[in-house]
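Asker: Protein chains in written order, with this note's numbering: chain A, 1 to 263; chain B, 1001 to 1263.
In case anyone wonders, no lab produced these hints; they're calculated from the structure. Being a predicted model, the structure only gives us computed values, none of them experimental. All residues carry an ideal CB built from backbone N, CA and C; glycine is no exception. Check each hint, because a few of them may be wrong.
[Unchecked claim] With beta-carbon atoms standing in for the labels, derived distance ranges:
hint, chain 1, residue 1, chain 2, residue 2, range
1, B, 1027, A, 42, 34 to 42 Å
2, A, 237, B, 1054, 51 to 59 Å
3, B, 1054, A, 217, 20 to 28 Å
4, B, 1093, A, 137, 45 to 53 Å
Protein chains: 2
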Amino acid sequence: MTSENPAPNRRRSPIEPVSIERHHCTPAEQVRILAATPFFRTVSPDHMLRLASTFRQADYFAGASIQRSGEPAARLSIVAAGMVKLVRHTASGQDVLLDIIGSGDFFGSLADLGDLTYQEDATAHTDCCILYTTAEEFRQVLRTYPEVTIATLDLVAARLRTAQQVIEHISAHPVDQRVAATLLHFARRIGRNVDETILIDMPLSRQDLADMTGAQVETVSRVMSEFRRAGIIESGRRWTAIRDVKALENIAGHLPLTTRAVT
Amino acid sequence: MTSENPAPNRRRSPIEPVSIERHHCTPAEQVRILAATPFFRTVSPDHMLRLASTFRQADYFAGASIQRSGEPAARLSIVAAGMVKLVRHTASGQDVLLDIIGSGDFFGSLADLGDLTYQEDATAHTDCCILYTTAEEFRQVLRTYPEVTIATLDLVAARLRTAQQVIEHISAHPVDQRVAATLLHFARRIGRNVDETILIDMPLSRQDLADMTGAQVETVSRVMSEFRRAGIIESGRRWTAIRDVKALENIAGHLPLTTRAVT
DNA sequence: CGTCCAATTGACTGCGTTCAAGAGCCGTGG
DNA sequence: CCACGGCTCTTGAACGCAGTCAATTGGACG
């Protein structure tokens, strides 16, 4: 049987042509993307033009390194397209995956004086397009546009709250609950309703889930198999689908890792 | 034997008269304390006077509840004197202690729109004095004084970095390393050099350490006994002393939980 | 068709939790 | 001043969740 003729019991991958990520943005697109970002929603279009000119662009193929921990924290980066992994490598060799972020999200330095070096690696999780400015230039933007500073504060505060939620989960909940919460986290951010299920259309390996939940690959695999056997989820190479959100929420303890539904 | 005549083998508690925390601040002290806070360092004295008038004061005895998670996030609070515990109670009954903060630190709501209810309990860890303003008033302050917004952003960004460090530790390091890192965390914040040791002059129960490291009381007790037997630490009812910082740093993996030396 | 890597599953180990009992320390009240 | 009660802390012993090691499967791609 070919891929045109799916197996009877298992529906075929719901992401049709493996949508190719945009790999480069025109200047007009840059402005549009930046303006839509939580940072700059309040900025008027003409100011936005000048402001966007302080940003440069860089494209990366999946797997490429964007920034490395320990390097001087020189840039503030915003994801224009694609997804970026934020990873801390520990001395013991275990990786800690802080988050996988998408279009409109930021990473890098906010130019806090104490923030002299990057604390984590940023890697292109898919092919992606990054808009970046220097820490100093962004600092200048903050001084010029106070409403941007407030927006930035809200973004960082939201991320702090998420981080504290993660601390709670890793401190006090068993692995299956943490995996469930992580799946709901992505469902809320990028989930789309498809065929009575919530489709998470992104690569999310067992290793990724393990690094996000502070667990081992094998453990996550067992948990995911359990979920699959219970009819709660379904997953393929580049996607995961939640068939029974209620069940997942029950397992996660009614406490999803992120509240915001939109990015 | 009286407390004037210490036991031969064990030096007596190094905190002399169990210093009584100030329990109420005069208006002048309020202004001085607020002005010394990272929020308002850049504000000129005359502006500071007006600004301080938006704050009210409340005093709490040790153990008293200051805010409860789930309540509407109406206040931004700053610790004027004493120490405050920030705790999340989990459904399973286990507590997660996010931090114990002191003079100049803040907690509560930054008036982020999404931050509608408190995410954690705040409890008076010692007798303490809290200066608070409403979330709305503080929002107005941010709009009026952009440099305060930038300072706030830096504070929240620093706290985010600390939280991510905690995530790394709890995800990837065994309990003894986490306890060591937590002791160093407090040593850097409030440690004083006394008799070749670093004295952490605050109540810090095994339960507190357990809740901060995501471990159980018994496990922390074993680890601390191990440290004591190795001559690394010494501890009493209201204090902990580090005799061998290098050893602790080695155990923690040269990665203390906080970098800043001053509050 | 063969190679490579992710995922799965099983068996065993061990760190940390859980359960339980005892020791130390302190405030209180007789 | 000492005895009592309640608390935290400590230590021991057994259990269990998750980690580790190892072998196999399965899917993607050249």
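Asker: Between residue 1093 of chain B and residue 137 of chain A, is the Cβ distance one that fits in 45 to 53 Å?
Answerer: Roughly 49 Å apart at Cβ, these two residues keep to the hinted range, so it holds.
Asker: With 20 to 28 Å as the target window, see if residue 1054 of chain B and residue 217 of chain A comply at their CB atoms.
Answerer: The hinted range 20 to 28 Å is violated for residue 1054 of chain B and residue 217 of chain A, with Cβ atoms some 52 Å apart.
Asker: Using the beta carbons of residue 1027 of chain B and residue 42 of chain A, state whether their distance is inside 34 to 42 Å or not.
Answerer: holds, 36 Å
Asker: Could one say that the CB atoms of residue 237 of chain A and residue 1054 of chain B fall in the range 51 to 59 Å?
Answerer: holds, 56 Å
Hint 3 alone, counting from the list given before, is not met by this structure.
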